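Work the whole structure out from these sequences, hints included.
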Amino acid sequence: MTQQTASVVATFSRRMRLRLQDDSLVEARIKGKKLKPVCGDQVIAEPIDKESDWLITRILDRDNELTRPNMRGQVEVLAANLEALVVVAAVSPLPDWYIVDRYLCAAELMGASAIVVFNKADLLEGHDIEIDELDEYRDIGLPVIETSAETGGGIDELQSALGARRAIVVGQSGVGKSSIINQLVGDAKQRTADISGKTGEGRHTTVNSVLIPLRDGGAVIDSPGVRDYAPALANSCDAALGFREIAAAAEGCRFANCRHLREPGCAVKDAVDAGEISERRYESFRRVVNLTEKLAESRY
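Under our numbering, the first residue of the sequence shown is numbered 139, with each subsequent residue one higher.
Don't read these hints as lab results, they were simulated from the structure. These numbers come from a predicted model, not from an experiment. Any given hint could be a false lead.
[As the list claims (entries may be wrong)] Mimicking BS3-like on lysine-lysine, the simulated pairs with C-alpha atoms at most 27 angstroms apart in a straight line are:
{"hint": "1", "residue 1": "Lys171", "residue 2": "Lys188"}
{"hint": "2", "residue 1": "Lys188", "residue 2": "Lys174"}
{"hint": "3", "residue 1": "Lys407", "residue 2": "Lys432"}
{"hint": "4", "residue 1": "Lys169", "residue 2": "Lys188"}
{"hint": "5", "residue 1": "Lys188", "residue 2": "Lys172"}
[Claimed, not checked] Derived DEER-like restraints, expressed as beta-carbon distance ranges:
{"hint": "6", "residue 1": "Arg196", "residue 2": "Leu232", "range": "39 to 47 angstroms"}
{"hint": "7", "residue 1": "Glu295", "residue 2": "Asn346", "range": "22 to 30 angstroms"}
{"hint": "8", "residue 1": "Leu379", "residue 2": "Arg153", "range": "19 to 27 angstroms"}
{"hint": "9", "residue 1": "Ser151", "residue 2": "Val282", "range": "18 to 26 angstroms"}
{"hint": "10", "residue 1": "Glu189", "residue 2": "Arg424", "range": "47 to 55 angstroms"}
Every residue gets a Cβ at the ideal spot worked out from N, C-alpha and C, and that includes glycine.
Written out as structure tokens, the structure is:
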């Protein structure tokens, strides 16, 4: 059998779709139970004799991973080898900015660029919604793009921001991630869903992650919507590194091991009190610290 390097472009539980070196697509199974490929992975695969399926035998080293803790407190990898995270919020469902912050934290720790997208911007008129948070992101140097997947507004700006990079589009269910991707790829093959009339929350429509090529050479992963997300951190001290304004202010702390919670001489707390760091962003940081510590305790 002839082995070759292939890219994982779609995941279906224990089955995968691979793009081979000649750009053809094949279905694949996974050898053994320990291998857990994800979208974006580079793998070693070989054809299965007398079958159309291929067999994934090894995952090559990853540049980075988008992770979260699962219900058992273990680390679950959602995607790999990403250059950018597109974090989507929208007029409806109401934005959970703490979820947005957690994705942004993950992007910082992965070394991936982050882009904040506020979708359904054409519906802002008539909605009693504050979007001061978008200015908070602009203030710390994050690109913020207001889009309308319905009208196509802001899509060209997003396409330009992505360039030829590999990105994942993440956010709450119902914010229009798949609709944005439809606009980026120039067709309407991705499934979309309306907001649930009973709960106001989005229905899950993307069961599996799919890597979709873009017209300008990049690619995006369409991922399932979430009602919550948290990055899987090795320890709570890493949380500060995921909030760029807190990491910058921390250089002035009296103690090198300052946790930026109750320690004396904390430059981060001083910056919050002076209005130089958003109180909401600081609260978001504290929540990531607390969640990480609770998860650590649950493992023992």
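Hint-by-hint comparison with the structure:
1. Lys171 x Lys188: holds, 23 angstroms
2. Lys188 x Lys174: holds, 25 angstroms
3. Lys407 x Lys432: holds, 23 angstroms
4. Lys169 x Lys188: Distance of about 17 angstroms is within 27 angstroms: holds.
5. Lys188 x Lys172: Holds, at about 25 angstroms.
6. Arg196 x Leu232: 39 to 47 angstroms: holds, 44 angstroms
7. Glu295 x Asn346: 22 to 30 angstroms: holds, 29 angstroms
8. Leu379 x Arg153: 19 to 27 angstroms: With a Cβ separation near 36 angstroms, Leu379 and Arg153 fall outside 19 to 27 angstroms, so the hint is violated.
9. Ser151 x Val282: 18 to 26 angstroms: violated, 35 angstroms
10. Glu189 x Arg424: 47 to 55 angstroms: Holds, since Glu189 and Arg424 (Cβ atoms, about 53 angstroms apart) stay within the stated range.
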